[in-house]
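Each chain, written out:
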Amino acid sequence: MIIMISPSIISGAVLGWALGSNGAANCFAAAVSTRIIKYRTAIIFTAIFVVLGACLEGGKGVQKISDYSYNSGINTPIKAFLVMLAAAITITLMTIMHLPVSTSQAVIGAIIGGALIEGKADFSEVVKFFYAWFITPFGAIIISFILYKSFELFIEKRIKDYIVYDKIIKVGYYVSGMFSAYSLGGNNVANVTSIYAGKINLLTTNQAVFIGGLTIALGVLTYSRGVMKTVGENLVALSPVSGLISVLTGGIVVYIYTQIGIPVSASHAIVGAVIGIGLVKGINTIRMEAIRNILFGWFGTPTIAGMISLFFFSLLCLNS
Amino acid sequence: MPFFKKEREVLELMNQHIEAVMYCNQLFVESLEILNEKGLGFEIERMAKEVGKAESKADDIRHEIIQSLLKGALLPESRREILNIIKKIDDIANKCEEIIKQISLQNIEFFEELKPSIKKISLKTKLQLQYLQELINKIFTNFYHGEEYHNELLEISKLESEIDEIEYNAIHTLFNMDIELAKKNQIKAIISDIANISDIGEDISDMLEMIMVLRKV
Numbered sequence: 006m007i008i009m010i011s012p013s014i015i016s017g018a019v020l021g022w023a024l025g026s027n028g029a030a031n032c033f034a035a036a037v038s039t040r041i042i043k044y045r046t047a048i049i050f051t052a053i054f055v056v057l058g059a060c061l062e063g064g065k066g067v068q069k070i071s072d073y074s075y076n077s078g079i080n081t082p083i084k085a086f087l088v089m090l091a092a093a094i095t096i097t098l099m100t101i102m103h104l105p106v107s108t109s110q111a112v113i114g115a116i117i118g119g120a121l122i123e124g125k126a127d128f129s130e131v132v133k134f135f136y137a138w139f140i141t142p143f144g145a146i147i148i149s150f151i152l153y154k155s156f157e158l159f160i161e162k163r164i165k166d167y168i169v170y171d172k173i174i175k176v177g178y179y180v181s182g183m184f185s186a187y188s189l190g191g192n193n194v195a196n197v198t199s200i201y202a203g204k205i206n207l208l209t210t211n212q213a214v215f216i217g218g219l220t221i222a223l224g225v226l227t228y229s230r231g232v233m234k235t236v237g238e239n240l241v242a243l244s245p246v247s248g249l250i251s252v253l254t255g256g257i258v259v260y261i262y263t264q265i266g267i268p269v270s271a272s273h274a275i276v277g278a279v280i281g282i283g284l285v286k287g288i289n290t291i292r293m294e295a296i297r298n299i300l301f302g303w304f305g306t307p308t309i310a311g312m313i314s315l316f317f318f319s320l321l322c323l324n325s
Numbered sequence: 482m483p484f485f486k487k488e489r490e491v492l493e494l495m496n497q498h499i500e501a502v503m504y505c506n507q508l509f510v511e512s513l514e515i516l517n518e519k520g521l522g523f524e525i526e527r528m529a530k531e532v533g534k535a536e537s538k539a540d541d542i543r544h545e546i547i548q549s550l551l552k553g554a555l556l557p558e559s560r561r562e563i564l565n566i567i568k569k570i571d572d573i574a575n576k577c578e579e580i581i582k583q584i585s586l587q588n589i590e591f592f593e594e595l596k597p598s599i600k601k602i603s604l605k606t607k608l609q610l611q612y613l614q615e616l617i618n619k620i621f622t623n624f625y626h627g628e629e630y631h632n633e634l635l636e637i638s639k640l641e642s643e644i645d646e647i648e649y650n651a652i653h654t655l656f657n658m659d660i661e662l663a664k665k666n667q668i669k670a671i672i673s674d675i676a677n678i679s680d681i682g683e684d685i686s687d688m689l690e691m692i693m694v695l696r697k698v
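Note that the protein sequences, when read in sequence, are chains A and E. So for the first sequence, my numbering puts the first residue at 6; every next one is plus one. So for the second sequence, my numbering puts the first residue at 482; every next one is plus one.
Hints may contain errors.
Claimed, not checked - Straight-line Cα separation of at most 27 angstroms, DSS-like style, residue types lysine-lysine; simulated pairs:
#	chain 1	residue 1	chain 2	residue 2
1	E	538	A	286
2	A	165	E	487
3	E	639	A	175
4	E	487	A	175
5	E	664	E	568
Stated by the list, open to error - Using C-beta positions, here's what the derived DEER-type ranges look like:
#	chain 1	residue 1	chain 2	residue 2	range
6	E	694	A	97	41 to 47 angstroms
7	A	100	E	635	53 to 59 angstroms
8	A	46	E	496	44 to 50 angstroms
9	E	635	A	159	29 to 35 angstroms
Claimed, not checked - One-sided and incomplete, this derived list gives chain E residues near chain A with beta-carbon spacing under 8 angstroms:
#	residue
10	618
11	649
12	660
Calculated directly from the structure, the hints in this document are not laboratory data. Just so you know, even glycine gets a beta-carbon here, dropped at the ideal spot from N, CA and C.
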């Protein structure tokens, strides 16, 4: 049986690749930087668990975004192509300009841009997404605070042996990395292909999550080394347990949003986790650069993506 | 437990390594006693060879540890810590070998006024190394209760300070003696080298303290 797939998903695939090469680096960055896990092993594990997460958990997010997108007037293949192209260009531009990348915000911004021209912009829905993005780092602060405190109170005292400590850290990095990749796949796959699924019917939900997962995995496998190194260096400055809890918290927060069906930024969750650990230790782990990046992710990214999308849709209107 | 086989092998070899270094130091202390009591001669040359053999054995064990670490035991950061520690522990054996070799080669004998100081330094160093061995064993099996090791850490540091003071007084006595400056410098270098062993011991205890601190949540 030959499955016909619309060429309009090319722009989504590009976005998926960019997401894989950027966002997925969070999962094993600390483990790779500390050489606990080899880069090659890390990307293979990330790719496998991203696809698994996308296929097993991605349906909810795909449904939500595809409904929102269709109701915003993104109802033809060309419009879907342009929205995803606007998001992909935003991500590429931001990467070139060394600005923080937030795929979820770029996609929603691009949908709103198109919807404005279509006259179907629904800002009440946007508020829900915005609320979720806003809650992400704060939720991570609370979760990492609880996890870290629990580790300190209940687990640390039981680890007496140097060797056992080593094993716990090693196994912990593997498990949290795989879980984070799984959560990321389940959550962020909606950014990549959901616009082509649902009522527009260019892809079925199953096809959307599978193709989306594969494109993210491809990004991880082909171009994630640089970002993984940068993210890892920041996390490695923490102690092994802190690094581990940051990654695990990121995974948990993203997983919770996966169940709600809203794509969020894993990077923002990790920043929140690091702040939460700082609160337990009574030290200031708040980096102004990280706060600036999050604020830019909330406001700057959707604005730029929206403007690019608005421009594309204006051209489309002029031609039709 | 088969799950920790490689790692346990490393720790077992570390125990053997420090035992070998302690034995090397024991022979070194005996050599200095012989030198103080009987002076230079066949026995010192024999002891120098014995110290050399003990140093080689310690070195062989160190290489075995490196081989075990190459099999992938422990985290890279822990491997680095262990490599640094065994390198430093090995420096003690190297120092013992080198000092006794130089004594033998340069035909050095200590003046009567200096002999008690030399004996005190070597015995206090031996005691410090015993505390160090105890500390290593405890930290690698129960690093969480750092406060319980306070006594050993304190003793190691106290002994190092006492040795420094004895060294200072010995050198002071030496330079007040009516002998050639070249001779003074020659003996001063040996006294400083003997006292230096305790500095290495203290460096190792600092490294062990770092291991505890870095693993604390």
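Hints, one by one, checked against the model:
Annotation: proposed proximity of residue 538/E to residue 286/A is violated, straight-line Cα distance about 45 angstroms (limit 27 angstroms). At most 27 angstroms may separate the alpha-carbon atoms for a hinted pair to count; residue 165/A and residue 487/E meet this at roughly 18 angstroms. Restraint check for residue 639/E and residue 175/A: not satisfied, since their Cα atoms lie roughly 37 angstroms apart, outside the 27 angstroms limit. Restraint check: the Cα-Cα separation between residue 487/E and residue 175/A comes to about 14 angstroms, which is no more than 27 angstroms; the hinted pair holds.
Only pairs whose Cα atoms come within 27 angstroms are accepted, and residue 664/E paired with residue 568/E is rejected, the gap being roughly 32 angstroms. Between residue 694/E and residue 97/A the C-beta distance comes to about 44 angstroms, which sits within the given range of 41 to 47 angstroms. Separated by about 54 angstroms at the C-beta atoms, residue 100/A and residue 635/E satisfy the suggested range of 53 to 59 angstroms. Restraint check, residue 46/A to residue 496/E: a C-beta distance of roughly 32 angstroms breaks the suggested window 44 to 50 angstroms.
Distance hint for residue 635/E and residue 159/A: a CB-CB separation of about 31 angstroms, consistent with the stated range 29 to 35 angstroms. With a cut of 8 angstroms, the hint placing residue 618/E at the interface with chain A is violated, because the nearest CB-to-CB distance is about 11 angstroms. Below 8 angstroms, beta-carbon pairs count as interface contacts, and residue 649/E has none with chain A, the closest being about 37 angstroms; its hint is therefore violated. Evaluation of the residue 660/E hint against chain A yields a violated restraint, the C-beta minimum of about 51 angstroms exceeding 8 angstroms.
Hint compliance for this structure: hints 1, 3, 5, 8, 10, 11, 12 are not met, and every other hint is.
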